[in-house]
Structure formats: C-alpha cells, structure tokens
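Novice: Listed below, chain by chain, are the residues.
Number of protein chains: 2
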Amino acid sequence: MSELKNDRFLRALARESVDVTPVWMMRQAGRYLPEYRATRAKAGDFMSLCMNTELACEVTLQPLDRYPIDAAILFSDILTIPDAMGLGLYFETGEGPRFKKSVNSVADMDALDVINPEADLGYVMDAVRMIRRELNGRVPLIGFSGSPWTLATYIVEGGSSKDYRKTKTFMYNEPEAFTRLLNKLADSVALYLNAQIKAGAQAVQIFDSWGGALSHQAYLDFSLAPMQRIVNQLITEHDGRKVPVIMFTKGGGQWLNAMADTGVQALGLDWTTDIGNARAQVGDRVALQGNMDPAILNAKPERIREEVGYILSRFGKGNGHVFNLGHGVTPEIDPDNVGAFFQAVHELSAEYHEN
Amino acid sequence: MSELKNDRFLRALARESVDVTPVWMMRQAGRYLPEYRATRAKAGDFMSLCMNTELACEVTLQPLDRYPIDAAILFSDILTIPDAMGLGLYFETGEGPRFKKSVNSVADMDALDVINPEADLGYVMDAVRMIRRELNGRVPLIGFSGSPWTLATYIVEGGSSKDYRKTKTFMYNEPEAFTRLLNKLADSVALYLNAQIKAGAQAVQIFDSWGGALSHQAYLDFSLAPMQRIVNQLITEHDGRKVPVIMFTKGGGQWLNAMADTGVQALGLDWTTDIGNARAQVGDRVALQGNMDPAILNAKPERIREEVGYILSRFGKGNGHVFNLGHGVTPEIDPDNVGAFFQAVHELSAEYHEN
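Sequences listed follow chains C and U, in order. Under the working numbering, think of the first position of the first sequence as 155, with each following residue one higher. Under the working numbering, think of the first position of the second sequence as 155, with each following residue one higher.
If you are wondering where the hints come from, they were derived from the structure by calculation, not from laboratory data. Computed from a predicted model, the values in this text were never measured in an experiment. Any given hint could turn out to be false.
What the simulated footprint calls covered on chain C by chain U, stretch by stretch (three residues with Cβ under 8 Å from a Cβ of chain U suffice, anywhere in the stretch; the number is not a length) [claimed, not checked]:
(1) 232-238
(2) 278-287
(3) 296-304
(4) 357-369
(5) 450-457
In silico DSSO-like cross-links for lysine-lysine, where the CA-CA straight-line distance does not exceed 30 Å [said to hold, decoys possible]:
(6) C/Lys-159 x C/Lys-396
(7) C/Lys-316 x U/Lys-471
(8) C/Lys-254 x U/Lys-255
(9) C/Lys-254 x U/Lys-254
(10) U/Lys-316 x U/Lys-255
(11) C/Lys-159 x U/Lys-320
(12) U/Lys-471 x C/Lys-196
(13) U/Lys-454 x U/Lys-471
(14) C/Lys-454 x U/Lys-471
(15) U/Lys-454 x C/Lys-454
(16) U/Lys-254 x C/Lys-316
(17) U/Lys-320 x C/Lys-454
From the three backbone atoms N, C-alpha and C, an ideal C-beta is built for every residue, glycine too.
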C-alpha cells in the first residue's frame, strides 16, 4: 500500500497534534453534486450504483476532486447486511428503502443467519480495494456499517419508519428474541467491518441513525450493548496502523459518557450537542467528530463560516477534533456553500493548533 | 368556582405531598378512543371540532369518564395562534396542518400582528369556561399553547416539515427579523395563556414540539429565549391559587438545566431522558412530568405495568412527579392498554409517598 500523504484525520482520531482540524462530511458523495447525479444516472438505481465497483469508486472520489477533504468514505448503503441476509433490499423511486421479505415473528427473526462478508458482500470489498488503489495515499478511507438497532428497525418495519412501532413492540414484548436478532446483527457487522479493514479501510464508523428514538434504558440494552459487542470483536490494527472506530448515535447526546466507555476512539456528535460540553464530559477518553447543523449549508457563505468558527471555538485548543456535519448533507445544497464550509474549517482552525 | 375534589396534579407541580403520583396523558382526548372518533365524525373536520364549544368540551371529558386521570387538558390545536394571525389554518384528510397564506420574506413576517385572544380566539375561552363548569371540580384543567419556535416552523414552512429547512434558513440568514417574529409569537402566546387562565385553566403547558431539532446555541436563542419571554408575562396566580407552568421541549433532554432556570414550575420530559438523572440535574428547582415511551402502549399490559414501575423507581421517593407519556398517545393504541397504564401509576406509586 502506498504511503499516506495526508494523515490529519487519523492523527486527530488518535488525539495527536495536527496543523489544522481535519474535515469530512457525512454523505459527501451524494446528490448535491452534479457529477454524482451524472454517474448515478449511468448506474441506474441506487443499489446498482453501490454494486458497481468502478462507479462506486468514482463517486467516492468525486468530492475529493472538488474540495480539500481529509478523508474519503466508502460509497455504499447501510442496509447491505440485511440484503446479504436474504431480505431483498430495493429502492422505489421517491421512496425510502424496502425489503421484499418481511419479518413478522420470532421464528422469522430466528431464521436469519450471520452473514459471510467475503461471500455475501464481495462487491463492497472490491470497491474498498479499488478506492484504496485509486486514492493512492491521498487521504485515508473510512469504512462503515449501520448499527444493529438501526438495521433491526429496517428489518422489522420492512423499510423506513416514523416511530419504529413494530420494532419497539417486538423489543418490549420479546426482549430475548429481539436480543438474539441484535446479536446476530452485531456479529455480522463485526465480520463486515473486519472484512472492510482487511480490504483497506483505515478507520470505520458505526452509524446508529435511530438510537436516539429509544428510552435511556432501551438505548443501553438494545443499541449500545450490541455496538459494544461489535467493538469487542473488531481488529484494532491492520497493515502496521491502528484502525480507529467512530461511534455515531444520532440523537445520542444524553449518552456520551456510556458511549465513551465502550473503547471506541471517537464519538460522532449530531448538531444538538454543544461540542464544548461534550468534550468536558468525555475528557481524554475519545476524540470527537462533528457537529455543524447541515441546515446551515442553506445559509449565506459568511454565516456558514461564522458557524464553523463558533464550533471550533467551542471545542477549543488541543487535539482530538474531526470536523463534520451533525448529519448528512442534503440534496438541495449548493456545492459552492459546501466549498465555503470545507475552506472555513481549514482556514479558521489553524489558530487552535500549535504550528 | 366549585372546590377542587382531586388536587394531586396541582400539589405535585408545587412539589407538595400526595397520596399517589398523579397522571394524565398527552393527547388523552384522541383518536385511540372510539367515543372520540364518534364525536369527531359528528363535528366534521378537526378544526370544526376545536371550534365547537359543546363538542370540544365533550371530547375533553371523555377520557375522564373511562380512566382514573388526575387532570383534564383543553381539547384544541397548537396552531390556533397562527390561524388567529390570519394565516388560514386547514387540515387535508390524511395530511398534516396547512396554511392558506404563506410567509416567504421578512416583509411577510413583519406584517403579522400580535393576536387579541378574546377577540380572535373566543371559541377557545368559551371551551375553557364550559369545561370548567362541566368538570365541576373533579380534576384541574390544563390550558396550553405551542411554543414560539414550534409555531414559527409551521408558519414559515406552511405546514409540517421533516427538517425545518426554510425556517432554519430564515433563522440563520435573518436572525433579527426571525427574532421579531418569535417575539410577536411569544407575546401572543402569553396573552393567549393568560386569557385561558382567566377563563379557568388551572395550569398551563407550553408545547415546544420541535425545539429538539435545533443546535444547542440555536435552542437557547430561538426556542428557550422566547419561552422565557412568555414565562415573564404570565399571570402567576388566579382565583386564589397559583397557576403552574409546565415547559415541554421534545428532544430537550440536553437543556434541562437551562429550562429549569426559566422560573417555570415543571419540565415535561420525553422518553429519551432518564427521569432519575433529570431529577438529579434539576434538584428542587422544578417538578418533572413524564416520561414513558408511548410505543410501550403497544406492548402487553404486564410490560406496560413493569415500565411504569421502573420509571417510578427511577424518580424515587418524594414529591414533584406528575406521570405522563413522553409524547402523545398514538391512534392505533388499544384503550385497554391505556387503562392498564393509568391503573399501574396509581397502584404502584403509593409506596413512593408517605401515606
């Protein structure tokens, strides 16, 4: 593997010194970019794009050619694991994800098996390998997976949901069976992330998109516990380098202490949490990633710049900050505003680091 | 006015001793009840039900005839104020609320005026007076309003929204103009709640349904500050009794300290916050209301009972707890499960009070 030319992102996750705060953006390869929309049109539907190694690689690299970004993230979907479990993921135009097979009983849940990533999700590892080759050491590559709780909501609901009613009913009425499902998902995620790491992912992020919908105790039992089970199984070093893990629970601002105790290297923060308060809570246990409100990208560039400066000032001096949005960039955003965001992070953060 | 026969709710808000923990349920007069659906069918659309004094009174009282509830809440909509501002509220079947007039510019915002509740919303005060008369002292009556931020999102978006994009763009680009709108809404809410109090509401709740969508600083500036402006203007005593204020920000678990400093008597908690942790944070400043996940009402009655017991144990012994859900009950819930919920609160809470 070629030498890494820009290791700010990995250094910040290890809470080592950097010249400027590294930055990437959730969903940076996405619909707000005209070049993405062009490639997507070539691929056909969304899953065809994910499964086409060359095109998945192409869209992964597109934002890096436009902006000074410090990390690439594998272009894929969080629902590849349930798809590999045989549930038949598909996307209807204008709708969210759907599954062909539904899971309506304890028997349906118990029939699902832990995946074999190289056999079942080889297209993802192919994309990781090609992206690493094409990146040629420009920046590190992030692999990722959905969290077990988040995957379970899609599996049980059969797609997106507003209130996770069916999933929560299972969870409350059949906690043992539901835990069996979560454990199989956790083991699958661990195998999947380890396969991504072996294929070349230099850091991994667990996306717990819907953990914030749970009560305090249910979060600990049904979202954090299976994520802990993943963390316990992950490769911690590959190819002579540590492989950091970022845990991101959207709406998880009340549980940062518990998350920091899992042994991950960093926590992702959504925009509702003050990053200065978060740092005071987690101390030296973990780095922090985040956390600008993605809606600010709709505002004037000078307002975006001001908000970047505010978040940098709230984190303050010292190591351990990876700048990001608090959630994914949305499709209607002007790419020039995204440029203003990336530029502001590097320009305004120098004063917070010793150079 | 007749003497209050059951004052548990008001005593708990004042952090005075009670025999059992009082309980009510957000949206207790609602679609899960067959008798509500029957009255609603008589009234026609939702706003016609709100505006019909007799029928609004009838649905307010329905849950009290079925369950041992310790407070009634005025049946109305949170969007009566924007409607009174001339925006033309209506509901389309199967859709959320909509406004006929849209607000697309600073000029549109500045053209809106503070309401005159007795002139513009007389139908609400008529309902309050009739409900008080019909209650005849059984339990106290709660009045309510949406928070300025929550009302502003509906006004600017023209209805419901997933990410409040238009509202946040205004907020970030035009903070002064947006603050003028919020202040007019705050003054309108204060006049509206004071009118409800004079008409007979014995406690009031501010519903900040969407404050949890804001960043930490934006919450303080654009949701909490206008709520503080309301609190500063509210009547604190009427008819020889204190009138407590309950402030409920859904998704506000990270801001309880700031909320407790506004001078309100109680905070509403959604289900994501551990009520024991919340009590430790707010101490003796405020009572707490909440906070069972409404989704548990889909589970088995014994599971509902167990969760009620768990929340009571987390609050622990002592005064200052009003039991509630963490958000409104949903239409598909079995009324018998709601019965199990109310019964469990009274039965299981006795041991936490000195009798």
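Novice: Check the structure against each numbered hint from earlier and tell me which ones fail, lowest number first.
Specialist: 1, 2, 3, 7, 8, 9, 11, 12, 14, 15
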